[in-house]
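Per the numbering used here, residue 810 is the first one in the sequence shown, and the count goes up by one each step.
Hints listed in this document are in silico derivations from the structure and should not be mistaken for laboratory results. Mixed in with the good hints there might be a few duds.
Computed cross-link-like contacts, PhoX-like style, restricted to lysine-lysine with a CA-CA straight-line distance of at most 20 Å [unchecked claim]: (1) K999 with K984; (2) K996 with K932; (3) K880 with K909; (4) K999 with K932.
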Amino acid sequence: MSKATLDGKAIALDDAYRQAASILSGAKFPLVAGLGADVPGARAAILLAERLRGAFDHLASRDLLADLDVKRSFGMFTTTANEARVRADVVILVGPGLTKQWPGMLERLALEQAPVHGTHAGKPRQVIWLGPDAEEAKAVPGARIIPATLEEISGVLAVWRARVGGRRVNLEAAKLELVDGLAQTLKDAKFGCFVWASAVGLDALAIEMMQALVTDLNVTTRFTGLHIGARAGAAGVTQASGWMTGFPPRTGFGRGYPEHDPWRFEASRLIDSGEADAAMWISAFDGEAPSWTRSDIPLITLAPAGAAPARGLFIEVGQPGVTHDAVLMAQETGGMTLRTATAPSDAPTVAQVIDAIMAQVSEVSPC
């Protein structure tokens, strides 16, 4: 059976549901945060925030919004991992830590193999890695390594873009020759693909510069991008949020309808400022703790066994795809996928726990 605690002391599960409903119903502006859940869990959490006229935010919102900001303001070319594997003759990996964000990246993209479709099928694939960490620099034999810090990546991409477009840059002759050779490689590609993850620290400027380069290259050849999604089910939560509210996370219902504002509805800011006077924190994948510093706000935590905080109300939930079957966005295909449980247990899902709390909320404060 699932376990629940209040300030570290065990309580009955039904009492925990009633306590959670009382905390949330008694708040003037409750926050549903973390949102580390599968798609059914995200749907339940967003519906709860709507009923309470509160706000919701995902623990990886900074990362997912860096990409969405570019998509909304500039536009974005993207493809799936499968398409990149079978068609891309030039692959540019951007930034460090990509294999940590997606452990199966190298196997899935098969970078050491030749593409199998297109006029370039069977010809060796060229791989360029801009700014990898020391270990990753050796991960792809034959890859061309371009050293750069995270802070330098946007500038390097800007230089590449300038030379692809035939514009002048202020570089010494030897470096200019190297950049021009790389620019020619990009222009000669039959199907090129940039691979990046905002979660490694790339900001919107770097992502926009990369997409601008992709746009320029598409004038004469074919180029696209492959985005590695943020942690804790962020991609699936963003999709669910989009079809339910029209907006991504960092959305509030205080005025009776959804409003998206990346600053107003950022979880840590709402808690530390006191604007949110109660919070439910959901982190079903690994029990990641919230980053806010304030500790006097009533807190309800939904997380796996072993992740109970010392204070507040804790309700144990199962891990998506581990203890129960889960619908998640799959990095491999870029679509919703059912992940069957690898170690089934009787721990309830996030959706089941929220539904139980929601039933009590309607009794405490009818809508």
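Original post:
Quick one, are K999 and K932 close enough, alpha carbons at most 20 Å?
Top reply: The given pair, whose Cα atoms are some 11 Å apart, holds under the 20 Å limit.
Original post:
Does the alpha-carbon distance linking K880 and K909 stay inside the 20 Å limit?
Top reply: violated (24 Å)
Subject >> Hint consistency between K999 and K984 [alpha-carbon to alpha-carbon, up to 20 Å] >> reply: violated (25 Å)
Original post:
Taken at face value, is the distance from the CA of K932 to the CA of K996 at most 20 Å?
Top reply: holds (17 Å)
In summary, the numbered hints that this structure violates are 1, 3.
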